[in-house]
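Student: Going down the list, the sequences are from chains A and B. Numbering follows my numbering, in which position 175 of the first sequence is assigned residue number 175; successive positions increment by one, without gaps. Numbering follows my numbering, in which position 70 of the second sequence is assigned residue number 70; successive positions increment by one, without gaps.
Watch out, some of these pointers could steer you wrong.
Pair by pair, the computed Cβ-Cβ distance ranges are [said to hold, decoys possible]:
1) B/D492 x A/R15: 46 to 56 Å
2) A/D81 x B/A342: 42 to 52 Å
3) B/A547 x A/T80: 51 to 61 Å
4) B/G108 x A/S24: 10 to 20 Å
5) B/G27 x A/S24: 21 to 31 Å
6) B/G546 x A/I33: 28 to 38 Å
7) A/V118 x B/F112: 50 to 60 Å
8) A/R29 x B/A547: 43 to 53 Å
9) B/M484 x A/S136: 27 to 37 Å
10) A/R87 x B/Q166: 46 to 56 Å
11) A/T43 x B/H187: 18 to 28 Å
12) B/G108 x A/V118: 36 to 46 Å
13) B/Y190 x A/G160: 28 to 38 Å
14) B/P293 x A/G160: 22 to 32 Å
Hint data in this document are derived by calculation from the structure and do not stem from the laboratory. We put the beta carbon where it would ideally sit given N, CA and C, even for glycine.
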Amino acid sequence: MRREHHTIVALVEDRPGVLNRIASKWRQRGFNIESLAVGHSETPGLSRMTFVVDAATHDVEQVVKQVDKLVDVVHIEDITDHDMVSRELAMIKVRSTAATRSEILQIVDIFRASIVDVTPDTLIVEVTGEEAKLDSLLQLLGEFGILELCRTGRIAMPRGSTRVSPDEEPHLLLPHLAGGRAPGGIY
Amino acid sequence: MRLTGAQIVFESMLREGVRHVFGYPGGANLPLYDTFVQYPQIQHILVRHEQAAAHAADAYARVTGEVGVCFATSGPGATNLVTGIANAWMDSVPLVCITGSVVTALIGRDGFQEADITGITLPVTKHNALVQKAEDIARTLKEAFYIARTGRPGPVLVDIPRDTQQQLAEFEYPERVSLRGYKLPEHIDYGQVKKAAQLIGESQRPLILSGHGVILSQAFAEVRTLAETCDIPVITTLLGISGFPGTHPLALGMPGMHGMYWNNQAISNADLLLGIGMRFDDRVTGRLKDFAPHAKIIHVDIDPAEIGKNVRPTAALLGDVKAVLQVLNKEVHPKQHPAWRAWLREQREQHPSIALPETDKLLPQYVIHKIYEATRGDAYVVTGVGQHQMWAAQFYWYDRPNSFITSGGLGTMGFEVPAALGAQVARPHDVVWSVCGDGGFQMTSQELATIVEYELPVKFAIINNGYLGMVRQWQQLFYKNNRMAVKMFSPDFVKLAEAYGMVGMRVTDKLQVESAIERAMAHPGPVLIEFVVDEDENCYPMVPPGASLQETIDQPQPSREEATTRR
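Build out the structure end to end from the sequences listed, making use of the hints.
Tutor: Here it is as C-alpha cells:
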C-alpha cells in the first residue's frame with residue numbers, strides 16, 4: 001500500500017496523560033510519529049496537536065478512528081488533502097569563523113532567516129517555513145558544521161473559512177442511553 | 001452534605017444502582033472497606049484473587065446488563081485485575097474498577113505497593129482516571145459509569161489514593177455528564193438504511209452474522225424479525241451465541257475456526273452478509289482476503305472504528321443495533337429464498353459437522369450434549385477457553401437469550417470459575433453450569449472457596465482429558481505432534497471439591513453421565529463433576545490458522561506423526 005506523509009490535527013482536553021493516551025494508540029499499531037507539536041488552541045481548555053506520520057492512508061484512517069474514541073480527544077482530523085498553510089520553526093547552531101561569517105549571513109538572508117545569537121565561533125540561525133525550505137537551508141549550512149539543531153515539527157492550518165473544530169454542542173447525557181438495560185429478554 | 005471520599009464512592013454507587021461489589025481489601029483501599037459497613041444495601045463478595053473480582057464482575061455485567069463493579073487495592077491488587085480488565089475490554093463488557101492508590105504524597109515515588117495502574121491499563125480500558133481530590137470523585141464516577149455502559153460498552157478504571165478516600169468534600173451527585181470528547185452515534189443514517197434494505201431485497205443468498213452487539217443491545221426480537229421477514233439464515237459468532245434461538249429453523253450455529261462446515265461454505269457462497277454487532281474477527285473470517293468472495297456486506301455496529309477495519313462494507317449502519325434494526329425492519333419487504341435454504345440443507349446433510357459419534361467412549365461432546373438435555377437449555381453456561389469451550393459452543397443449543405457466557409476476544413483460560421461465580425451472584429435462582437477445562441480450572445480454582453462461602457450453587461463440569469487440549473491439537477496438526485508441555489497432572493478434583501466443602505463426583509463411563517448431571521442438578525449447593533473423557537478427542541471442524549474458510553477441515557485425518565511427549 002502506498003505510504004505518504006499525513007498531517008493530522010487533534011483538539012484534546014488539556015489534562016495530564018492525554019498525550020500518553022494518544023501516543024499509545026499510534027504505538028500500538030507500530031506507527032513512528034515523525035513530528036508532533038502541541039500548544040493551546042483558540043478554545044480555553046483545549047490543546048491543539050499536530051502529528052505528522054508516514055504511513056498508508058487506510059492504516060492512518062484506522063488509528064485516527066481509534067484516537068477519536070478516546071474520551072479526552074474532542075476532535076481529530078487528517079487535513080493532508082486540505083489546502084493548508086504549514087510551517088515549522090528551527091534553530092540551527094552553526095560553526096562560524098571570521099572567514100565564513102559573511103557567507104553564512106548571505107545564505108541566511110536569501111532564506112529570510114535571522115541570526116538570533118552570535119559568538120566568535122558560532123551563530124544561531126532561526127528559520128521558519130515549510131519543511132522543504134528548512135531542509136535546503138540545513139543542507140547549505142551543513143558545509144560550515146552544524147553544532148546543534150532543534151526543529152518544532154509541523155504546525156498546520158487549513159486556508160480560508162475551513163476550520164479544524166469540534167461540534168459546538170457539548171455532548172450531554174442522552175435519556176435513552178442513561179439507564180441500565182433490562183435484564184434477560186425475549187427473542 | 002460533607003462526606004469523606006469513601007462515602008462519596010458509595011453514595012455514587014447507590015445512585016448508579018450498584019448492588020454487588022466483587023473485591024479484595026488492602027492497605028490502599030482500607031478507607032473504602034471501613035466505610036463499606038455503612039452501606040448494607042451493597043453486598044461485598046470477597047474473592048480469593050483480584051483477577052477473579054474482575055472476571056466475576058464481567059460475567060455479572062453480561063448476565064444483568066448492568067455495570068459490573070470490582071474493588072482492589074494498589075500495586076499487586078490492581079495489577080491482578082489487569083487480565084480481567086483486558087478480557088472485558090476485548091468483549092465490550094461494562095465494568096467500573098475502583099482501585100485504591102498509595103497516598104498522594106507517595107505517588108511517583110515508588111511507594112510501598114505502588115503501581116502506575118492508570119498507565120498500565122491505558123490500552124485495555126475505555127477510559128481511566130486518577131482522582132486526586134475528594135471533590136472530583138462524584139463527577140469522575142458519574143462519568144465512569146456513563147462511559148462504561150453507553151455506546152460500545154467497556155471497562156473504566158478509577159484510581160483513588162488512600163488519603164483522597166479520607167478527605168472531606170461537599171457531595172452532590174451530578175445529574176448529567178458533560179464530556180465534549182465522548183461521541184455517541186446520535187442519528188441513524190437513513191440513506192444507509194435504504195441502501196441496506198435494497199441490498200437485502202436484491203439478494204439471493206443472504207446470511208446474518210449475529211454478534212455480541214445483538215446481546216448487548218438486547219436486540220433479540222429485532223434480529224429474529226429481520227431473519228423471519230426476509231428468510232435470512234442466522235449464523236451466530238462465538239460471542240453472539242444465544243442472541244438468536246439455537247433451535248430456530250433459521251439458526252445455523254457458529255462460523256469460523258471451529259464453526260460449522262456448512263457455515264464456512266455458506267459464507268464463501270453468500271451474495272450478502274449482514275454483520276450485526278460483530279467485528280469480523282480473524283477467528284470468524286479466516287484468511288481475510290478470501291473471506292466471503294461473492295458477498296456484499298452490510299455492517300451494523302455502534303463503534304465507528306469497527307466500520308471498515310477488517311472488511312469494507314457496501315452499507316454501513318452506525319448505531320445501536322436495536323435502534324438500527326427497528327428502522328431497517330420497517331424498510332424491508334418479506335421474501336423467501338427456497339433455493340438458498342435447500343442448498344444449505346444439502347451442505348448440512350453432506351457434512352454433518354457436529355454429529356455425535358457412535359462410540360462407547362466417554363466423549364466430551366456427549367457430556368455437553370447431556371448437560372443440554374438435563375437443563376433443556378434453561379441455564380447459564382459459562383466456559384473457559386479451549387476445546388471444551390468450542391464443544392460448549394457447538395453441542396448445546398442456546399434457546400434462552402443471553403445464556404452463554406464465555407471469554408471470546410482475549411481467550412482467557414481460567415475465566416470459567418470466577419465468571420460462573422459472578423453469573424450466579426447475579427442470578428441466584430437460575431442454574432449456572434461452568435464448563436471447565438482441566439487446565440483453565442486450575443488457573444482460578446481457588447474461587448471454589450468463594451463459591452462455597454457465599455453458598456452459590458454453581459455446577460462445575462470439568463472436561464478432563466489430561467491435556468491442554470487445544471494446544472496439543474495445534475501441536476498435533478501444525479507442530480509435527482511434538483507434544484511439549486501439554487500433558488498435565490491434575491489433583492484429585494473430587495477430593496479438592498470436598499476439601500472446599502462441596503460435593504465432588506467423578507465420571508469415567510458414558511453410562512454414568514446422565515445420572516451424575518441429574519444428581520448435580522438436584523443438589524441445592526455447588527457441585528463439581530470431573531468427567532474423565534477420551535484424551536484423544538480433538539475439536540472439529542477446523543480452519544487451519546492462516547487458511548481461508550473454504551479450506552475448513554470437516555473431519556480429522558489420522559495423524560501419521562509419532563508423538564513425542566515432554567512435560
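Student: Does the Cβ pair B/A547, A/T80 satisfy 51 to 61 Å?
Tutor: violated (37 Å)
Student: Given a hinted range of 46 to 56 Å, is it respected by the beta-carbon distance of B/D492 and A/R15?
Tutor: The hint (46 to 56 Å, Cβ to Cβ) holds, given that B/D492 and A/R15 are roughly 54 Å apart.
Student: So the hint says 36 to 46 Å: do the beta-carbon atoms of B/G108 and A/V118 match that?
Tutor: holds (42 Å)
Student: Between the beta carbons of B/G27 and A/S24, is the distance compatible with 21 to 31 Å?
Tutor: holds (29 Å)
Student: Taking 50 to 60 Å as the hint, is the beta-carbon distance of A/V118 and B/F112 inside that range?
Tutor: holds (54 Å)
Student: Mind checking the hinted window 10 to 20 Å against the Cβ distance between B/G108 and A/S24?
Tutor: holds (19 Å)
Student: Do the Cβ positions of B/M484 and A/S136 conform to the proposed distance bound of 27 to 37 Å?
Tutor: Hint violated: Cβ distance 59 Å, outside 27 to 37 Å.
Student: With respect to the beta-carbon atoms only, verify the hint that A/R87 and B/Q166 lie 46 to 56 Å apart.
Tutor: holds (50 Å)
Student: Just to be sure I understand the hint, the distance between the Cβ atoms of A/T43 and B/H187 should be within 18 to 28 Å; is that true here?
Tutor: holds (24 Å)
Student: In this structure, is the beta-carbon distance linking A/D81 and B/A342 contained in 42 to 52 Å?
Tutor: Because 50 Å falls inside the window, the suggested range holds.
Student: Is 22 to 32 Å a correct range for the gap between the Cβ atoms of B/P293 and A/G160?
Tutor: Violated: the Cβ-Cβ distance is about 45 Å, outside 22 to 32 Å.
Student: Looking only at beta-carbon atoms, does the pair B/G546, A/I33 fall within the given range of 28 to 38 Å?
Tutor: holds (31 Å)
Violation of the numbered hints given earlier is confined to hints 3, 8, 9 and 14; the remaining hints are satisfied by the structure.
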